[in-house]
Amino acid sequence: MPSIPTPPITRRGVLVAGAASAAVTTVPAAAQGPAKAPKSTPVPVKLSVNGKEVELELDTRTTLLDTLREHLKLTGTKKGCDHGQCGACTVMVNGTRVNSCLSLAVMHQGDEVTTIEGLGSADDMHPMQEAFVKHDGYQCGYCTPGQICSAVAVLKEIEAGVPSHVTDDLTGPMPMTRAEMTERMSGNICRCGAYSNIFDAMAEVGGAKA
Amino acid sequence: MKAFTYERAKSPAEAAAAVAGREGAKFIAGGTNLLDLMKLEIEAPTHLVDVQDLALDQIEETSDGGLRIGALVSNTALAAHPKVRKDYAVLTRAIVAGASGQLRNKATTAGNLLQRTRCPYFYDPNLPCNKRVPNSGCAAAEGFSRQLAVVGTSDKCIATYPGDMAIAMRVLDAVVETVTPDGKTRTIPMAEFHRLPGDKPWLDNTLGKGELIVSVRLPAPVGGQHFYQKVRDRRSYAFALVSVAAILNDDGTGRVAFGGVAHKPWRVEAAEALLPQGAGAVVAKAFEGASPTEHNKYKITLAERTLAGVIAEARS
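Just so you know, the protein sequences line up as chains H and U, in that order.
Mapping the first sequence onto our numbering, position 61 (from 1) lands on 61, and the numbers just tick up by one.
Mapping the second sequence onto our numbering, position 273 (from 1) lands on 273, and the numbers just tick up by one.
Just so you know, these hints were derived from the structure itself, not from any lab.
Possibly wrong hints are sitting among the right ones.
[Claimed, not checked] As a list, the in silico PhoX-like pairs of lysine-lysine whose alpha-carbon atoms are at most 20 Å apart:
1) U:K39 - H:K39
2) U:K2 - H:K39
3) H:K39 - U:K26
4) U:K2 - U:K39
5) U:K200 - U:K184
6) H:K36 - U:K285
7) U:K184 - U:K209
8) U:K10 - U:K209
9) H:K79 - H:K156
10) U:K209 - H:K36
11) U:K26 - U:K39
12) U:K86 - H:K36
13) U:K209 - U:K26
14) U:K26 - H:K36
15) H:K79 - U:K10
One chain only, chain H, in its complex shape (with noise of 0.2 Å):
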């Protein structure tokens, strides 16, 4: 286990701190529950994150999403719903957006998991990241990381022609509008509601036509 942050206690440290802790109990009370199930066993699970090989060993149980933010300490990555209807846990696993708390790290051997923290950084922000600053894409930042690393997947999923729910035309050229980001980004939710300054940021970088 990655050691546990010590005071001076922060409100992340509280959080980091809470959810390890919890990580940890769950192991002997799943041990005491039916007799048939199996003990945790640690197994060795190697993956790409952000382009850097690693190599961990963990409990089958262990999602992708706790794997970046546990055990890697990849904090960007947010966990919100852990049911897969937030979207803040969105990552991008072999260029495709998926929600990493719904998915298993031991089911990822070998694939390259590409978090907000390999998009860009503060010194040299993806595109994406800076037409969320430009135009106040988030109140609180929770979501951001999740809807940022949609936006970028959704841009590429309209180039790609992948047809949506509001696609007239299913056989014709994919049009790149501020209805097709909409419809594709309703895995994301935003609870300040700053919607609209997202599909901005969206509708720039992406080039919409209407």
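Given the coordinates of chain H, assemble chain U onto it according to the supplied hints.
Below, chain U without anything else, positioned relative to chain H:
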């Protein structure tokens, strides 16, 4: 989540045998529904057999002009396939009406068919549910049933099959192809794949223990105008209250199946034969013998109006 052991199968027969031979074992593919349920301990497999290495991610044309869709083809890839968009548009429309972009990227064709109900009482371990715990009772029958089934229900269960993709596959006469634990293959018409709750609502479908879906076959295209009209509480990323999958011909005939109303995709061939007479006649026949609750009887009216809208669009 309960602890489990994990393996990656190398062949469909090996995967089927691995699940059949072990109590508490389950397949996992995309995992988007299974992991959600495992976190809530509604599902608690003791062993997972990961099928991602089985090379079932191709879409190929069949000798009779149809398509064979590999079990592991993602929902996104299936919806985006050029031939599906051109000749089976109802399927593309149904898939993109469901879930979110992230989920469709991960969810597989077979997994989508196997997704479990979203009945709120199935999801609440504090309340009885015959689907979750056999013979524990049904809290939904006297509960909040606005989203639940109106037809084909039993006194043990009023849950719906929640998906969109299968409604389109039902209207397309798709066939599910499987491998059984003894290595044999079997085909199951979509009409017989999902089952009604009856006395055993804990069984969602007609697969045997360890039986693995390897592909879904679509017959040759049937032409017509394709529609998937989904009515839901918000514009995107919500389950259907009612959905209509329809293929309508210029002479007024066609095929229609309803989603969000039953424990399986609801297609009544004797009802769709009445399409030339209009939506009222079709819905009256399709929902004959329905037993809605006070909360969800609106669904039958909604089904008629949704179908009427689709027919009007086809004629315009």
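**Request:** Please flag the earlier hints that this structure goes against, numbers listed from lowest up.
**Result:** 5, 6, 9, 12 and 15
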